[in-house]
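**Student:** Chains as they are written, first to last, in my numbering: chain A, 4 to 323; chain B, 2 to 346.
No lab work stands behind these hints, which were simulated from the structure alone.
Note that the structure is a prediction, hence the values are computed from the model and not measured.
Any given hint could be a false lead.
Derived pair list, reagent style DSSO-like, types lysine-lysine, alpha-carbon separation capped at 30 Å [as the list claims (entries may be wrong)]:
{"#": "1", "chain 1": "B", "residue 1": "K41", "chain 2": "B", "residue 2": "K112"}
{"#": "2", "chain 1": "B", "residue 1": "K112", "chain 2": "B", "residue 2": "K70"}
{"#": "3", "chain 1": "B", "residue 1": "K260", "chain 2": "A", "residue 2": "K55"}
{"#": "4", "chain 1": "A", "residue 1": "K160", "chain 2": "B", "residue 2": "K70"}
{"#": "5", "chain 1": "B", "residue 1": "K41", "chain 2": "A", "residue 2": "K160"}
{"#": "6", "chain 1": "B", "residue 1": "K41", "chain 2": "B", "residue 2": "K70"}
{"#": "7", "chain 1": "A", "residue 1": "K73", "chain 2": "A", "residue 2": "K62"}
{"#": "8", "chain 1": "B", "residue 1": "K88", "chain 2": "B", "residue 2": "K112"}
{"#": "9", "chain 1": "B", "residue 1": "K8", "chain 2": "B", "residue 2": "K260"}
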Amino acid sequence: MRYLARRFLHAVLLLGGASVLAFLFTALAPGNYFDEMRLNPQISSETLAALKAHYDLDKPLGVRYAMWLKSLARGEMGYSFAYNAPVAPLLAVRARNTLLLTLTSTLLAWCIALPLGVWSAEQSGRWVDRVVTGASAILLVIPDIALALGLLMIAVKTRWLPAGGMVSVGNEGLPFAARIADLARHMVLPVAILALGAQPILVRHVRAAVAEALEEGFVRAAEAHGIPRRRLVWKYALRAAANPLISLFGFSIGALLSGSLLVEVITSWPGLGPFLLEAILARDLYVVIGGVLLSTVFLVAGNFIADVLLFWADPRIRTE
Amino acid sequence: MKIASRKRHALVLFLIFLHGVVIAGGFVAPYDPIQQEREKPYAPPTAIHFFDAQGRFHLRPFVFSQRVKEGSFDQYEDDTAVRVPVKFFVSGAPYRLFGFLPARLHLFGAKEGTIHLLGTDGYGRDLFSRILYGGQISLLAGLLAASVSLLIGTIVGGAAGYWGGWTDSIAMRAAELCLALPWLYLLFGVRAFLPLLVSPVKAFLIVVIAIGALGWARPARLVRGVALSAKERDFVRVARGFGASNAYILRRHIFPQTKSVVLTQAAILVPQFILAEVTLSFLGLGIPEPAPSWGNLLSSLQQYSVLSSYWWMYLPAAAMVPFFLGYLALASALQEGSRAAKIDL
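Just need the whole structure built from these sequences, with the hints factored in.
**Tutor:** Written out as structure tokens, the structure reads:
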């Protein structure tokens, strides 16, 4: 249990560090949301100063950080200038959409990569292995953006899938089942892009870890005892190979989260990505900080989940 | 071992060739990247022909002149009556070779018309030329950002591994922090706080520095590992025993040992940073128009009409693939090599 407590503390400290970092960057920034208003002759400099004072932009950095922490405790995470509303509820909706996308594609990516990697390691050197490693080598050299735009292009040309967005027009009026089906149809494209993009790295690692485990003495001993091949691979080798793969699982959440930013913009999925982009262009300070930090929370949570899984899977860590 | 090193050489040559084509882009490209041909927006790529409409063979390759189909504004057809012969080593739009040598000589071009090998964009600019010029910016951004990252990473990682103690803990906590943040979001965050509307040169520098400054953590961790084991080697202890200074030991004994790790990281980081620049420019946060970069060339695909009608606008994405192939294959060849070297020891 001490291990888990330590990992949790570690995660919290990381988040604290990230928030300080985000605020430091804001201090380096020349200009703010209200600077563009200066060009407007109808807004006097007194009004501007009053607005700045109202949003506490005239306070020093340390004070602003303390105030932000206080507003975080209230569950607001600062104030959006552009939306004229607290940041947290705005972020919550987008974060839900991003999570839906990221978690689905993480699960899908692993559901494909794990069997493929294990199969390819087991058939090492044979045609299955060659096809799998060859395909993942090809996928690896296709940049994410090319993959995303390519699939989108195919979807648009063939009209098989909706070209973007999360729901169709008039979705509200449909019955529940039809709404879910509509959502699923819209999810196919972004999830496919993300899951395909993550494939090569996952498959390679799974293959390498299982192939290494299959070489171990205890696996050969088990084989000599007449344990069937399938059981040998899935129960013995995979279990021994699980350790690095679980860490990779934590990382893959973060990688897919980063990737989803671009994919969301390309497929106009109303998640954190387009929201953050819009906030950057509008210099909506606290929304940017909130978005960056929220994504960090997801990532750190992913790594923490991996730590918990490791604790569960690896007896050496439990007894430590 | 032999095969691995031959493979590495082949890959390095392949990469040098690719970069050479892009660096000499002004010579290879027939047109200036921002020269517009307003009456020819979204002209499709032209095929090179050897046989004319009557089936006669011509030794000199040619393209047919393109004209807008009657009753449309963006549909083109070949005007098979007008042949535009391809001329080699022609004088054309002025450019600066390697960025400084003024020149007018182009690898190929056409005198009696225009030749757009990969079509044109919405302003009638030659896409082939824009991809080459854009490649210069994207590759340079990737290479510079990788150098920045590796420089910071090597220094921080080397110092952390060599001195240990609190230097090490602070450096490694900072590295962990940088690795914990989803890097594309982080890049966005950094970019968010820099001026939005800036000159192309400044924008370029900002992109490079932002990308490079964020990527130091992984190389730093790896270099630290090498430095940690290197400082316990006998010859390092002997050197210290003879009174060598820390700076000397680092320069002479520690950093040379990190070479293979740094090279492998370079081969991994360069394509990653090219992609980072492409992503930023694609989203309008990087290098602004009219200067081309692979990212902002692709950004027109964000319009549905372009995406659905003009497939050749996708070609800048395809141009990245050979570069990625070269770099990633080189990275895995380097890793293989170092693994083999370890077994040899």
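**Student:** Is K88(B) close enough to K112(B), meaning Cα to Cα at most 30 Å?
**Tutor:** holds, 7 Å
**Student:** What's the verdict on K260(B) and K55(A), does the C-alpha distance respect the 30 Å limit or exceed it?
**Tutor:** With Cα atoms ~51 Å apart, K260(B) and K55(A) exceed 30 Å; violated.
**Student:** Has the given pair, K41(B) with K112(B), been kept, meaning a C-alpha gap of at most 30 Å?
**Tutor:** holds, 17 Å
**Student:** So if I understand the rule, the pair passes when the alpha-carbon distance is 30 Å or less; does K160(A) with K70(B) pass?
**Tutor:** holds, 22 Å
**Student:** Compare the distance between the alpha carbons of K41(B) and K70(B) with 30 Å, and conclude whether the hinted pair is satisfied.
**Tutor:** holds, 12 Å
**Student:** Check whether the Cα positions of K112(B) and K70(B) lie no farther apart than 30 Å.
**Tutor:** Judged against 30 Å, a Cα distance of about 23 Å means the pair holds.
**Student:** Has the given pair, K8(B) with K260(B), been kept, meaning a C-alpha gap of at most 30 Å?
**Tutor:** holds, 19 Å
**Student:** Is it true that the CA of K41(B) sits at most 30 Å from the CA of K160(A)?
**Tutor:** Holds. K41(B) to K160(A) sits at ~24 Å (cutoff 30 Å).
**Student:** Straight-line Cα separation of K73(A) and K62(A) no greater than 30 Å?
**Tutor:** Cα-Cα ~15 Å, so holds.
The structure fails to meet hint 3 from the earlier list, while all remaining hints are met.
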